[in-house]
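A.B. asks: Got chain R sorted already, so can you dock chain L onto it with the hints?
The chain contents come next:
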Amino acid sequence: MLIKMMSGGADYDKNLRLRLVWGAAFLAVGVVGFLCWFFLVPDSGLNEHARGYYLGAATGVTLGAVILLARVLYLMCRPEARRKAHIQDTDERRQHITRAAAQVAGVAAFLAAACLTFVVIPFNEQAAHVLLGVMAVYTLVWLAAAAWLNWKL
Amino acid sequence: MTNRISQLRRERGLSQAELADAVDVTRQTIISLESGRYNASLLLAHRIAKFFGTTIEDVFLFEEERT
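Residue numbers (my numbering), protein chains in the order written: chain R, 348 to 500; chain L, 934 to 1000.
Looking at chain L on its own, in the form it has when it is part of the complex:
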């Protein structure tokens, strides 16, 4: 799973600390999310998508499982 958090954040001119503050997590969590080292829970994904005014699918990109 990848995400567009970094892109959406930069488009809005926000720092990682400001985004972290807005969605009630630490800056380290935003750093880990942006680098793909940590996957957000459904609740946090919802908060982030809501903050950016978009949908979870638009922020978090789920790769189709290959059979």
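Chain R on its own, in the form it takes in the complex:
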């Protein structure tokens, strides 16, 4: 969804080329993750869980990037598939559903974080601070986005 949002525009061929760039950037992030896991992590003294995070995150990002690149290259070579993908990506009902779902998920995540803060404080104050930080970032981003859109539209 984020890739589509960041590569949206009227010219679909240009959008696909932009997605290739994003795919390459994510692939680079994955490769950096693998390199860190291979060269830095063994001597770092990190626990098993942290080591697993490096490997899992690097694998996930790399696989995602490879799938994205393969799909974009396939669409660039197949005009009929590209047309279908264009319709799927730009269909206004689907975009409306995506936006509405993101809105619901955002509100739910914010409320969940607010509830969790009360639960977490007695057990782990640092975790509560992290949750409060996430809620503060969400609120600030929301206010900034609303102000920018109010000025732009």
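Please keep in mind that the hints were generated in silico from the structure rather than gathered at the bench.
Hints should not be assumed to be uniformly reliable.
Covered by chain R, according to a simulated footprint, are these stretches of chain L (three or more residues, beta-carbon under 8 Å) [said to hold, decoys possible]:
#1 955 to 964
#2 967 to 979
Mimicking EDC-like on lysine to aspartate or glutamate, the simulated pairs with C-alpha atoms at most 16 Å apart in a straight line are [unchecked claim]:
#3 R:K431 to R:D358
#4 R:K431 to R:D360
#5 L:K983 to L:D954
#6 R:K431 to L:E951
#7 R:K431 to L:E944
#8 R:K361 to R:E472
#9 L:K983 to L:D957
#10 R:K431 to L:D954
C-beta: ideal position from N, C-alpha, C; glycine also.
C.D. replies: What follows is chain L alone, placed relative to chain R:
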């Protein structure tokens, strides 16, 4: 708001998939429009009206607000 998309489409002997293809949306969007579950944007309403060779007001029927 109601619409005559289904009626106009049937009059021209088109399937939902063919209409969807003609106005660059998915078949699910046509289904939702015809059933009244989703209202088209102005841009899509314009494309649909243009495809049927008529006006937006002729395809989409706006009910007057009661005071």
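A.B. asks: Against each hint, give a clear statement of whether it holds in the structure.
C.D. replies: Okay, the hints, checked on the actual structure:
1. 955 to 964: holds (count 5)
2. 967 to 979: Since three or more residues must qualify, the claim that chain R covers the region 967 to 979 of chain L holds, with 5 doing so at under 8 Å.
3. R:K431 to R:D358: Within the cut-off at roughly 15 Å; holds.
4. R:K431 to R:D360: 13 Å, holds
5. L:K983 to L:D954: Holds, at roughly 14 Å.
6. R:K431 to L:E951: 13 Å, holds
7. R:K431 to L:E944: Judged against 16 Å, a Cα distance of about 26 Å means the pair is violated.
8. R:K361 to R:E472: 48 Å, violated
9. L:K983 to L:D957: 13 Å, holds
10. R:K431 to L:D954: Answer holds: R:K431 to L:D954 is near 9 Å, not above 16 Å.
The structure does not agree with the numbered hints 7, 8 stated previously, though it agrees with the rest.
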